[in-house]
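Trainee: Listed below are the residues making up each chain.
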Amino acid sequence: MKKGKILEHKLVPKHEVMEESEVKELLDTYKIKKEQIPKIKLSDAVIKEIKAEVGDVVKITRESRTAGKFLAYRLVIE
Amino acid sequence: MQRALTAEDKEEVVKELIRAGIEEEIAEQIKGEFIPAELTIELDELLEMQIEEAYARDILMVQGRREEGEVKLGDIELKVNKSKLPELIKGELRKKLRAVRDKLSRRKLDEILKKVEEKYEKAKVEPREAVGIVAAQSIGEPGTQMTLRTFHYAGVGAIYITLGLPRIIEIVDARKKPSTPAMKIKLAGEYASDRNKAEELTMEIEETYIRDIGKVEASTEDMSVWVSLKERELKRRHIGREEVEEKLKGLGAGVLVEATEDGKLRIQVQNKFYHELLRLEEKVSSTLVKGIEGIKRAIVRRDVDGEYMLYTEGSALKKVMRIEGIDFSRTTTNNIAEIADVLGIEAARNAIIEEMMGTLEEQGLDVDPRHVMLIADAMTMDGEVKQIGRHGLAGGKASVLSRAAFEVTVDNLLEAATHGETDELKGVTENVIVGQPIKLGTGAIELVAR
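These protein sequences, in sequence, are chains P and F.
In case it helps, our numbering puts the first sequence at residues 232 to 309.
In case it helps, our numbering puts the second sequence at residues -11 to 438.
FYI, nobody ran anything at the bench for these hints, they're computed from the structure.
Beta carbons: idealized from backbone N, C-alpha and C, even for Gly.
Errors might be hidden in some of the hints.
As the list claims (entries may be wrong) - With a straight-line Cα cutoff of 27 Å, these simulated DSS-like cross-link-like pairs (lysine-lysine) come out:
| id | chain 1 | residue 1 | chain 2 | residue 2 |
| --- | --- | --- | --- | --- |
| 1 | F | 72 | P | 264 |
| 2 | F | 72 | P | 272 |
| 3 | P | 265 | F | 307 |
| 4 | P | 255 | F | 235 |
| 5 | F | 112 | P | 255 |
| 6 | F | 107 | P | 300 |
| 7 | F | 223 | F | 260 |
| 8 | F | 374 | P | 241 |
| 9 | P | 245 | F | 307 |
| 10 | P | 264 | F | 107 |
| 11 | P | 290 | F | 112 |
| 12 | F | 278 | P | 262 |
Said to hold, decoys possible - Here are some chain P residues the structure puts well away from chain F; computed CB gaps all over 10 Å:
| id | residue |
| --- | --- |
| 13 | 240 |
| 14 | 243 |
| 15 | 255 |
| 16 | 256 |
| 17 | 262 |
| 18 | 264 |
| 19 | 271 |
| 20 | 275 |
| 21 | 277 |
| 22 | 286 |
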């Protein structure tokens, strides 16, 4: 399989690993703990491509029918 | 940094604007508005704010302008971007404001933006609103109007596809495999424009077994399996005799394959048992010669843009990915589990939304996508596609009473009793059962008197 091919698929939104400081800002904004963020598995096809690690938070830029662009977050778990 | 805009800068701005999809006329207009001025923000700063370069340059102009009143395109750009509205609304607003720009003053522009933001805030869901219940009702009611029958694929007469209520149930149950797996394969380059090329591809991916291209017979006389290939089928599917022989030789060690003079293939059994012979016959006839396992049929159709594409019966996303000539980035399947596996959980979320909305729309039902998005979010929350049932979402609830009220009451209560579980009475169902006000809407607020 060609590398990064799945990242180009129209169903796959952009995933980015967040910096530690960004994560802190996010948690503070919503007054939540890391564990309360939706999860994504380490074995997830996209996570393997972008080489995120357990405990990382990924920022996902979704294309939304109603908002145009929408940011979502997922915590990488085993 | 302070610098004045030169004529060269202006020309560049026009080019940028046109490239950004702005009509030439408007671009020229913007250029006309430019006056040399001192700049207070740096271009880099604006670009960091993710403002398109062309607009960024115009904003610089507005920044440096001294006279009041008239609204420039850069004003609209700067102010709309600053607001906290979602992208889609911003885009619409920009377009509309640009159209009425000559009637605007800066004060009016501010006012309009304030009003829009107010309206947007008002349209938001209140905290503690039971969005899940609203979603369930909003999909449930139109669901009563759905057909229970399955239909043909829209535009592809020949392929059956589960639609209507059965399909919706299939999606929320997160089945590993849909009852009618199917793919829509988009093609790349000349495959998309040439029908013959597209037809060739169907031969490439349609699964072809020995039994499809020839007759397989077991003979007890010489204890061997005879394969007589049909010349016509071989030609149609572009398969060479050697290829078939090669595949048969790969059946296993000790399998003897020989071609006889009359064009037949003879495969000998090693030990001369009758049941061995029958097993070999079965093995031979179900040997894959060409194509992708799981793709039963592929059909060429023209899509709305006049491109040729393939519809398939059966689905194998991972294997199709490697076929040359297909445009993988636009190829989809209705098998959500497969998408989750190959493309990840976020793609699965998108697929759930697309499939559900598609099914509802096909039946002429107008359901707000937000409800479907909520369901997709709930189903994919834990990183894997979970069903909305007792084996998934409902089964994972923290409250014993809530689970017991849903399905298999006795099992749940017994299980909870043996483990000494406690119920914190936080959810809706639990509180209805014990006769307390539910913690939703106005019930969510507690007053403490001092």
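Trainee: Evaluate each hint against the coordinates.
Mentor: Comparing the hints with the structure gives:
1. Of the supplied pair hints, the one linking residue 72 (chain F) and residue 264 (chain P) holds, its CA atoms being roughly 25 Å apart against a limit of 27 Å.
2. Note on residue 72 (chain F) and residue 272 (chain P): the hinted pairing is violated, with a Cα-Cα distance of about 32 Å set against a maximum of 27 Å.
3. Among the hinted pairs, residue 265 (chain P) with residue 307 (chain F) is inconsistent with the structure: their alpha-carbon atoms are about 37 Å apart, more than 27 Å.
4. Distance check on the hinted pair: residue 255 (chain P) and residue 235 (chain F) sit about 58 Å apart at the alpha-carbon level, beyond 27 Å; violated.
5. Our distance criterion of 27 Å between C-alpha atoms is met by residue 112 (chain F) and residue 255 (chain P), whose separation comes to about 26 Å.
6. Of the pairs offered as hints, the one joining residue 107 (chain F) and residue 300 (chain P) holds, with about 19 Å between alpha carbons and a cut-off of 27 Å not exceeded.
7. For the suggested pair residue 223 (chain F) and residue 260 (chain F), the alpha carbons sit about 35 Å apart, so the restraint of at most 27 Å is broken.
8. Distance hint between residue 374 (chain F) and residue 241 (chain P) is fulfilled; the C-alpha atoms sit about 22 Å from each other, no more than 27 Å.
9. Restraint check for residue 245 (chain P) and residue 307 (chain F): satisfied, since their Cα atoms lie roughly 24 Å apart, inside the 27 Å limit.
10. The hinted pair formed by residue 264 (chain P) and residue 107 (chain F) fails the criterion: a straight-line CA distance of about 31 Å is larger than 27 Å.
11. With a CA separation close to 23 Å, the supplied pair residue 290 (chain P) and residue 112 (chain F) stays within the 27 Å bound.
12. A hinted pair counts as satisfied when its Cα atoms are at most 27 Å apart, and residue 278 (chain F) with residue 262 (chain P) does not qualify at roughly 57 Å.
13. At roughly 5 Å from the closest C-beta of chain F, the C-beta of residue 240 (chain P) falls inside 10 Å, breaking its exclusion from the interface.
14. For residue 243 (chain P), the condition that its CB be more than 10 Å from all CB atoms of chain F is violated, with the nearest at approximately 5 Å.
15. No beta-carbon of chain F is positioned within 10 Å of the beta-carbon of residue 255 (chain P); the least distance is around 20 Å.
16. Listed as a non-interface residue, residue 256 (chain P) keeps its Cβ farther than 10 Å from every Cβ of chain F; the least gap is roughly 16 Å.
17. Every C-beta of chain F lies more than 10 Å from that of residue 262 (chain P), the closest at about 13 Å, which supports listing it as non-interface.
18. The beta carbon of residue 264 (chain P) sits about 15 Å from the closest Cβ of chain F, which is more than 10 Å, so the claim that it is off the interface holds.
19. Residue placement check: residue 271 (chain P) does not keep its beta carbon more than 10 Å from all beta carbons of chain F (closest about 5 Å).
20. Residue-level check failed: residue 275 (chain P) sits 5 Å from the nearest beta carbon of chain F, not beyond 10 Å.
21. Here residue 277 (chain P) does not stay apart from chain F, with its beta-carbon only about 4 Å from theirs, under the 10 Å limit.
22. Distance check for residue 286 (chain P) against chain F: the nearest CB is about 14 Å away, which clears 10 Å, and the non-interface claim stands.
Violated hints, listed in ascending order, are 2, 3, 4, 7, 10, 12, 13, 14, 19, 20, 21; each of the other numbered hints is respected by the structure.
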